[in-house]
Amino acid sequence: MHEFVSRRVLFKMEKKLFGVLISALFFSLIFSMPAFCDTPMSGGTLRLSAPYGSALKSLDPHVTYRSQDLVVSKAFHRALYTWDSANNSPALDLAESVTADKNGKVFTYKLKKNVYFHNGRKMTADDVVWSYTRLMNPEKGFPGATMVGTIAGAEAFSKGDATSISGLKKIDDYTLQITFSDYNDPGSLLFEAVTAILPREEVKKESFLIHPVGLGPFKFVEHVEGSRIVGEKFDKYYKPGKPYADRVEFVITGDYSVLDMAFRAKEIDATVLSSNAYLAYKADPELSRGLIEIAELFTRHMGFNTQEKPFDDKRVRQAINYAVDRDIIVKKLLKGKAFKATSWLPTTSTAYDSTRKPYPYDPEKAKALLAEAGYPDGFEFEAMVTDKTSSLGVFEAMMPYLAKVGIHAKAKVVESNVLVDAMYAGKAAVWFRSNGTGPDPLKALRTFDSRIPRTGSNVTAFKDSAYDAILDEAAATSDPAKKIELLKKADGFIMDAAPVWFHNYNKAVVATQPWIHNVDGNVTEAAIIEVDSIWLDKNSPTR
Amino acid sequence: MVALIFKRILQSALTVMIVVTLVFFLFSVIPGTFASSLMGDKRSFDPRVVERIKKELGIDKPLHQRFVTYLAGLSRGDLGKSFSNRRPVVDLLSSRVVASFKLACAAITFAIVVGLPLGFIAAIRAGSLVDTVTMMVAVSGLSVPGFWFGLIAMYLFSLKLGLLPTFGYGSGGIRNLILPALTLGIAPMALLARTTRAAVLDTLNSDFIRTARSKGMSETRVVFKHLGRNAFVIILTTIGLQFGSMLGGSVVVEKLFAWPGVGSMLIDSVSLRDIPSVQGCILVIVLFFLIINTLVDIAYLAIDPRIRYQ
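If you read the protein sequences in the order shown, they are chains R and F.
Position one of the first sequence corresponds to residue 14 (the numbering used here), numbered consecutively onward.
Position one of the second sequence corresponds to residue 13 (the numbering used here), numbered consecutively onward.
FYI, nobody ran anything at the bench for these hints, they're computed from the structure.
Just so it is clear, the structure is predicted and the values come from calculations on it, not from any experiment.
There could be a bad hint or two in this list.
[Stated by the list, open to error] Taking lysine-lysine pairs in the DSS-like style, the calculated list, with each CA pair at most 30 Å apart, reads:
1. F/Lys67 - R/Lys153
2. R/Lys295 - F/Lys172
3. R/Lys295 - R/Lys279
4. R/Lys249 - R/Lys217
5. F/Lys172 - R/Lys279
6. F/Lys66 - R/Lys440
7. F/Lys93 - R/Lys153
8. R/Lys423 - R/Lys380
9. F/Lys114 - F/Lys19
10. R/Lys183 - R/Lys249
11. R/Lys279 - F/Lys227
12. R/Lys327 - R/Lys423
Make a model of the complete structure from these sequences and hints.
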């Protein structure tokens, strides 16, 4: 009996133990599921879009500064820095470390020793020096010269006054010293593909223009002009285990309705959306799950020629800022795909002042300012606009508001190139534009620097020596906190001076399929995705 | 025939000269330059860089000097280098021409295979339900905008049925070709159906058809031997004109389907003010049109021996 009881107890205990074990196994599986789902998997083909036109301008990353080409270059090329979307700032990429001298002008880089070009050669300091020197070639016009030109001696070299750039010094194969002529954040200057590090021996070949060789996570495979570009995983990429995908394919089209169709047909893994598609995707329970909203570093505005009457009067410019209800325009016309602008620097800028209030909608104040400026009955003006919703559409929405305060506005619809020429020649009184306003806030605020010509970036021909002085002080300080304070002050100055009607900061939206992971929200340009970190789970149709 | 070909070549050379001269000077005087197109992408450029770009591309030189350089290059078959990607325009065009030609051939084949029988049947059954339906299809095909038809085709065949890729060139295979060819071919198909109907109806009322029938000739023989051959002169003109204009006229379709043809290259080059590429594209389009029309003229001689060129 005793034995029997013991056996029964033992059996019960065994049963309990078994139950506990099963439960433990079950719960451990349940709790480990998210970890399993978050573990990157290798394989598959990334299918992305180059959505800003029907062709790439060039496969040489130094030649082109168009968003369309930058999107693709991210897969094939690398620069000294990269954009770190998680921290919203540039991050060191090809170097292990950087040290700055106490003056903040000389930077010493320890380059990574495991960085290879797609032709199998190791990258050294010589390649960095050669690439930056190429950008300053006196016989060529490379957009990256705008950034590299800030290195000491770069301008002298580009004018033919020197045989090399004095600010670029190779210490040894993996140590490089860069001296800037001013206080600069090298990261914000040297992170885009226009300053990519390229192999000299490949660039010199004619074939480089059709078969680019770089340091990127993917090796070039094929380019069908005006249709697609394909790359395959580069096994010697310097980040261990990356990229996760075996191939990358960019479809090249600027037609958003086609991209929408292809995304819904599951032919694309991620793409940026138009305003109309954004609304439709947001309303769809399935599609809305994969949306990534990004406050881009672009400021849409209506610019004034501040040298021309009546826009030479600050009160007139302020009056226009008070006269229009931007909330309605952003909500109804732009379908919420924008953030109302509070000044020149956008919300994701490091010098954005979150305490600043935007111009409120106050038609009475606008009328008072116009009367004060000598225009009690208002005036008429003509604005140059392109036929886009963000330009002509917004301007047409503004017209009734302006009419309410006595300003009668007319639109002159022109092609983008015509608008650019008129703006830079000072022949446009008012225009609609979107300006890149980051990542370097100082560079963004130089748009209104009196000493910069219209052809530089000061298209409004805004002149105020007090403003220039704030910028100079910010440029001269090496204390980051003080610099930010000064830049905030300059931004506030511009808000008050209102050389533009502040409209909005673009909200870019990227739609992603459920099987694609780690798509970053790049505020410098949403379509530029860090392709080396993306991975595709087992549900991807390409696995 | 040799004289005709020689005459056509001379005429074509003159046309080409006029076109390239016009394009060169028009693009030099219209507002906006390649330098301004660089600044049209929200990013500012250092003006010194812009000056260097102008110097590198030679657009800082006087207009007449640039024109002489261009003509000298043209005489050697050199169309210059693209401003935007610095590659020879001839190289850029070579792949584009193949894609455009492929698309044009597929579209005109669709137009002929569908439009010709439709027009024939409609004419033979004039006034019947078949005729009414056929002509309704033809009018719809002519009036529907190409991009709209393309989007509907994408929606139906790609999104809903999943039969074909939405867009893109792929590896240049038939699957990627079907939708753009249908879209490009729909209007010529409709036009061809209408033209064929009219031509066949006109020929059916001719004396020689009545004579053939009164002689007891079978209807099949009447249609294929007498009617077809005589109506075909007018039909061939339509085919020639449509096919000739397809290389340059497929801009919308090429853009919509990301088809890497001459039309989409032309549009991109115009927006970038890439003058060498624009000139190259227009030259190819004009040459294609002239060649097709010359071939059609020669074909007339074979089809209708009564036609003689002075």
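Cross-check of the supplied hints:
1. F/Lys67 - R/Lys153: holds (8 Å)
2. R/Lys295 - F/Lys172: holds (21 Å)
3. R/Lys295 - R/Lys279: OK: R/Lys295 and R/Lys279 at ~18 Å, within 30 Å.
4. R/Lys249 - R/Lys217: holds (23 Å)
5. F/Lys172 - R/Lys279: The given pair, whose Cα atoms are some 12 Å apart, holds under the 30 Å limit.
6. F/Lys66 - R/Lys440: holds (21 Å)
7. F/Lys93 - R/Lys153: holds (14 Å)
8. R/Lys423 - R/Lys380: Measuring from Cα to Cα gives roughly 19 Å; hence the hint holds.
9. F/Lys114 - F/Lys19: Given pair F/Lys114, F/Lys19 holds - Cα atoms ~29 Å apart, limit 30 Å.
10. R/Lys183 - R/Lys249: holds (24 Å)
11. R/Lys279 - F/Lys227: Given that 30 Å is the threshold and the Cα spacing comes to 64 Å, the pair is violated.
12. R/Lys327 - R/Lys423: Holds: R/Lys327 and R/Lys423 sit about 21 Å apart, inside 30 Å.
Violated hint for the displayed structure: number 11, the only one.
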